[in-house]
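Chain order of the listed sequences is U and D. For the first sequence, the residue numbers in this note's numbering are 1 to 548. For the second sequence, the residue numbers in this note's numbering are 549 to 903.
Honestly, I wouldn't trust all of these hints.
In the DSS-like style, the derived pairs of lysine-lysine whose C-alpha atoms are separated by at most 30 Å in a straight line are [claimed, not checked]:
| no. | chain 1 | residue 1 | chain 2 | residue 2 |
| --- | --- | --- | --- | --- |
| 1 | U | Lys15 | D | Lys664 |
| 2 | U | Lys37 | D | Lys854 |
| 3 | D | Lys878 | U | Lys333 |
| 4 | U | Lys94 | D | Lys781 |
Derived list of chain D stretches under chain U, where covered just means 3 residues or more per stretch with a C-beta under 8 Å from a C-beta of chain U [claimed, not checked]:
| no. | segment |
| --- | --- |
| 5 | 605 to 619 |
| 6 | 659 to 671 |
| 7 | 686 to 699 |
| 8 | 836 to 850 |
No wet-lab data here; the hints were simulated from the structure. We put the CB at the ideal spot given by N, CA and C, even for glycine.
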Amino acid sequence: MADTKAAEMKVKVVKEPSLMTGAVPTRDWWDVEAIFKPGNYCYPAKKSIAEYHGKNLPGLFGEPRDWEIESDDWQLPENWKEIIINGIKERLDKFRSLKIFMDCCVRCGACADKCHFFLGTGDPKNMPVLRAELFRSVYRNDFTTAGRILGEIAGARPMTFKVLKEWFMYFYQCTECRRCSVFCPYGIDTAEVTMMGRELLHLVGVNTNWILEPAANSNRTGNHLGLQPHTFKENAEFLIDDIEDATGVRLQNLNFNRKGAEVLFIIPSADVFADPGIFTFMGYIMLFEHIGLDYTISTYASEGGNFGLFTHNSLMKKLNAKMYAEAKRLGVKWILGGECGHMWRVIHQYMNTMNGPADFLEMPKSPITGTVFDNAAATKMVHISEFTADLIHHGKLKIDKSRNDNQIVTFHDSCNTARGMGLMEEPRYILNSVCNNFHEMPENTIRDKTFCCGSGTGLNTGEIMDLRMRAGLPRANAVKYVAERHGVNMLSCVCAIDRATLLALNQYWNPEVQVCGVSELVGNALIMEGEKERETDLRGEPLPGMEG
Amino acid sequence: MRVLKAFIAVVALVLVALVVAQVPGGQSLLGIVLPYLAFAIFLGGFIYRVMYWAKSPVPFRIPTTCGQESSLSFIKQNKLDCPTTKTQVVGRMLLEVLLFRSLFRNTRASIHDGPKLAYGSNKWLWLFAILFHYSFLVIILRHMRLFTDPIAGFVPMLEFGDGFLEVGATTIYQSSFILLAAVTFLFLRRVLRPYLRYISLPADYFPLLLIFGIGVSGILMRHVFRVDIVSVKELTMGLVTFSPSIEGQIGAIFFVHLFLVCVLLAYFPFSKLMHLGGVFMSPTRNMANNSRMVRHENPWNDPNIKPHSYAAYEDEFREFMVDAGLPVEKEPEPAPAEPEVEEAAPADAEEKPKA
Numbered sequence: 001m002a003d004t005k006a007a008e009m010k011v012k013v014v015k016e017p018s019l020m021t022g023a024v025p026t027r028d029w030w031d032v033e034a035i036f037k038p039g040n041y042c043y044p045a046k047k048s049i050a051e052y053h054g055k056n057l058p059g060l061f062g063e064p065r066d067w068e069i070e071s072d073d074w075q076l077p078e079n080w081k082e083i084i085i086n087g088i089k090e091r092l093d094k095f096r097s098l099k100i101f102m103d104c105c106v107r108c109g110a111c112a113d114k115c116h117f118f119l120g121t122g123d124p125k126n127m128p129v130l131r132a133e134l135f136r137s138v139y140r141n142d143f144t145t146a147g148r149i150l151g152e153i154a155g156a157r158p159m160t161f162k163v164l165k166e167w168f169m170y171f172y173q174c175t176e177c178r179r180c181s182v183f184c185p186y187g188i189d190t191a192e193v194t195m196m197g198r199e200l201l202h203l204v205g206v207n208t209n210w211i212l213e214p215a216a217n218s219n220r221t222g223n224h225l226g227l228q229p230h231t232f233k234e235n236a237e238f239l240i241d242d243i244e245d246a247t248g249v250r251l252q253n254l255n256f257n258r259k260g261a262e263v264l265f266i267i268p269s270a271d272v273f274a275d276p277g278i279f280t281f282m283g284y285i286m287l288f289e290h291i292g293l294d295y296t297i298s299t300y301a302s303e304g305g306n307f308g309l310f311t312h313n314s315l316m317k318k319l320n321a322k323m324y325a326e327a328k329r330l331g332v333k334w335i336l337g338g339e340c341g342h343m344w345r346v347i348h349q350y351m352n353t354m355n356g357p358a359d360f361l362e363m364p365k366s367p368i369t370g371t372v373f374d375n376a377a378a379t380k381m382v383h384i385s386e387f388t389a390d391l392i393h394h395g396k397l398k399i400d401k402s403r404n405d406n407q408i409v410t411f412h413d414s415c416n417t418a419r420g421m422g423l424m425e426e427p428r429y430i431l432n433s434v435c436n437n438f439h440e441m442p443e444n445t446i447r448d449k450t451f452c453c454g455s456g457t458g459l460n461t462g463e464i465m466d467l468r469m470r471a472g473l474p475r476a477n478a479v480k481y482v483a484e485r486h487g488v489n490m491l492s493c494v495c496a497i498d499r500a501t502l503l504a505l506n507q508y509w510n511p512e513v514q515v516c517g518v519s520e521l522v523g524n525a526l527i528m529e530g531e532k533e534r535e536t537d538l539r540g541e542p543l544p545g546m547e548g
Numbered sequence: 549m550r551v552l553k554a555f556i557a558v559v560a561l562v563l564v565a566l567v568v569a570q571v572p573g574g575q576s577l578l579g580i581v582l583p584y585l586a587f588a589i590f591l592g593g594f595i596y597r598v599m600y601w602a603k604s605p606v607p608f609r610i611p612t613t614c615g616q617e618s619s620l621s622f623i624k625q626n627k628l629d630c631p632t633t634k635t636q637v638v639g640r641m642l643l644e645v646l647l648f649r650s651l652f653r654n655t656r657a658s659i660h661d662g663p664k665l666a667y668g669s670n671k672w673l674w675l676f677a678i679l680f681h682y683s684f685l686v687i688i689l690r691h692m693r694l695f696t697d698p699i700a701g702f703v704p705m706l707e708f709g710d711g712f713l714e715v716g717a718t719t720i721y722q723s724s725f726i727l728l729a730a731v732t733f734l735f736l737r738r739v740l741r742p743y744l745r746y747i748s749l750p751a752d753y754f755p756l757l758l759i760f761g762i763g764v765s766g767i768l769m770r771h772v773f774r775v776d777i778v779s780v781k782e783l784t785m786g787l788v789t790f791s792p793s794i795e796g797q798i799g800a801i802f803f804v805h806l807f808l809v810c811v812l813l814a815y816f817p818f819s820k821l822m823h824l825g826g827v828f829m830s831p832t833r834n835m836a837n838n839s840r841m842v843r844h845e846n847p848w849n850d851p852n853i854k855p856h857s858y859a860a861y862e863d864e865f866r867e868f869m870v871d872a873g874l875p876v877e878k879e880p881e882p883a884p885a886e887p888e889v890e891e892a893a894p895a896d897a898e899e900k901p902k903a
């Protein structure tokens, strides 16, 4: 739990002097040093983990070592500045986005109060414009004429250890949610800047364990949690018992690593492991059983999520490559993906470019409705919400909406599926079909303007709880609004990180509101063949009218 | 004070022009040499900058999707905020470039007891940005009177639309005053709003003050210190026809005006003003959201980056897999040797992340 009690935090975020609460900083931003103290940073990666990544992708993860963030000696390589400057040069040559985003900002300030980190902390450097200026100032110094000639007047400053500390602090107080890029008149996307910044930090071995360790696990065992094949299978099968308890039906179709299945189904691994993701998983496999889908789940490609995205594009590619490799090995026709935000950012915007073409797969076609998913014609991977919405639209599901009547539901768009894909109405279509009580949060906090859970991009770690609760405040506050106005008690989402982090966030800010995946509510509503009279939902809570 | 630095710079520029205009040969320098030089720098610098951007590839298709994707037949795609075709992208870009679509979304957040966050409508920046850019455009087009002979047909029409009031023989053009008002707003906003003052650099104040100086000198020249317009036109036409000469007494205020314009032109390619070119090239706006429909090529995609192979995975876990009833590619040998593990993750993975 967070270090600061919620009651205290409620006052702090309003009264504490900050740029958000109307106090004016007395020192210019470049004179304010980043000071690390327990609670405001993620722990550095263990030496062994950094070594592991360095072995797989030489040169990208710096010198493995044990180091302390609070220390003034990060044991950086002698030529670390040179590495960073050369790294910037390389990235300018590789990414047009970086050049444009470095050159075009006019500092109009439209992005300033759009960032959840700024809204929750009031820290000026959490305004997207200043976060990017931390990078831009170095860029100007070494790569622009004006910066070289005019120096400080042109807003240029040389790379120093002080700057490096700022980079580490603020590139890890950004969840790459892209909300700022919606409002920017030039579409400047801080996610791009942060991604580049994190890549550069990795080059000199400045990293966090919470990201690198799951990435290492994912590479070796197939999933973030490091679940080995037998454990992954057991965990998933264990949930069949729970489904049987709730419905009286024992699912027969769950299977793993089966060659020749029509569809490979890939989920964020937390869905077989962590509450409440497991209920979402139950929803998936009940749905597949209900429609008789010929599918298989892989233990090798058992992670949809991709913590590589939060480190370096090469690691993202390496981890993601398993999906196509496994689809090819198993000889499936197409791939279906579960509910996960950043997993879908990678699949939608990067996968086919990095690891395609997927010419060994077929055009995805629903075997139940015949719908051809031509929006996935090249990548050949369909989102579970697209798939489910199509089933519902064609009347292929037997649904009893009233089973979700105890749930007064709202929907949290995850940043990645909303702003990096455009998946907005599909989950809503499903929700409106499987529950009777659905209420939207305020307009400025949903769809393309959705607020991050505050813990994305590998910030979902316990050591920065206060920060996470602050960064999640805008989301929590919108939930509170509908909880008070409509009695909302269930926050649904299509993201595994959300399922974990919104739970913690709600426990802190809105203890009365639970968190679920959309597919869980589908599972509750599905009338399974041969089921007993359902008395509880998938969580074992009594259904409406069964409370006695 | 960053604003002071910019202010001093602009005042110094005005003084330089006033002084140079008085020294022998100074008017030729300000009226002929510098305009050519500035225009060359502007043109060359602008093209260089755009080429510099264009030289780098766009490795990934990363549009910011601000509306519903194209997916199922019964779900309506938002074609302008989440385009999938070139035409739709052009539509999105037109909205962005001509109407400042993204800025129009602007809101203002505030935090209140509770805590309670509120997001109010905030269109002032959008309004004054539109006023600023369009009045600037009208003014530039009006100036084509000086560079065309006979005068281009659109100029009188524009002047007719722009002039709302005649004071004596001089028409007052509203665009001039709207520009000044908009610049003033944008400047005051920067100075008065704490967070804007905090993020503003001299490079943010300087162009605003410079443009203010250009506007004021222009208005003064037109309405207060009248200059000899015939001589001005002779000079400007001379510049266009590459036979420039300065005849008669034009008046120092003209040279101040012209000098500031030259500075703006020469400054342009090295500054944030390049957003004029950048807005067309921003990958989050000018790309179709069709990355699942059509494969986007990355020229530097590294084919050598391979996944940890299934074979290595099975080699490491084969016994467990067989015991758990998971199918394997290779049956285990009767007396299994220690599996060869190439890339084993360290075993000291204690904390289990939740996602």
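Assertion that chain U covers the segment 605 to 619 of chain D - criterion: three or more residues, beta-carbon distance below 8 Å: holds (count 14)
For the pair supplied as a hint, U:Lys94 and D:Lys781, confirm whether the alpha-carbon distance does not exceed 30 Å. Roughly 48 Å between the alpha carbons, so the hint for U:Lys94 and D:Lys781 is violated.
Verify the coverage statement for the segment 686 to 699 of chain D against chain U, using a C-beta to C-beta distance below 8 Å and requiring 3 or more qualifying residues. It is violated, with 0 qualifying residues against the three required.
Outcome, coverage of the segment 659 to 671 of chain D by chain U - at least 3 residues whose beta-carbon is closer than 8 Å to one in that chain: The restraint on the segment 659 to 671 of chain D holds, since 8 of its residues have a Cβ under 8 Å from chain U and three suffice.
Check the hint pairing D:Lys878 with U:Lys333 against an upper bound of 30 Å on the C-alpha distance. holds (24 Å)
If you draw a straight line from the CA of U:Lys37 to the CA of D:Lys854, is it 30 Å or shorter? violated (39 Å)
Does the alpha-carbon distance linking U:Lys15 and D:Lys664 stay inside the 30 Å limit? holds (12 Å)
Count the residues of the segment 836 to 850 of chain D whose Cβ falls closer than 8 Å to any Cβ of chain U, and tell me whether that reaches three. holds (count 12)
Taken one by one, the earlier hints fail for this structure at numbers 2, 4, 7, listed in ascending order.
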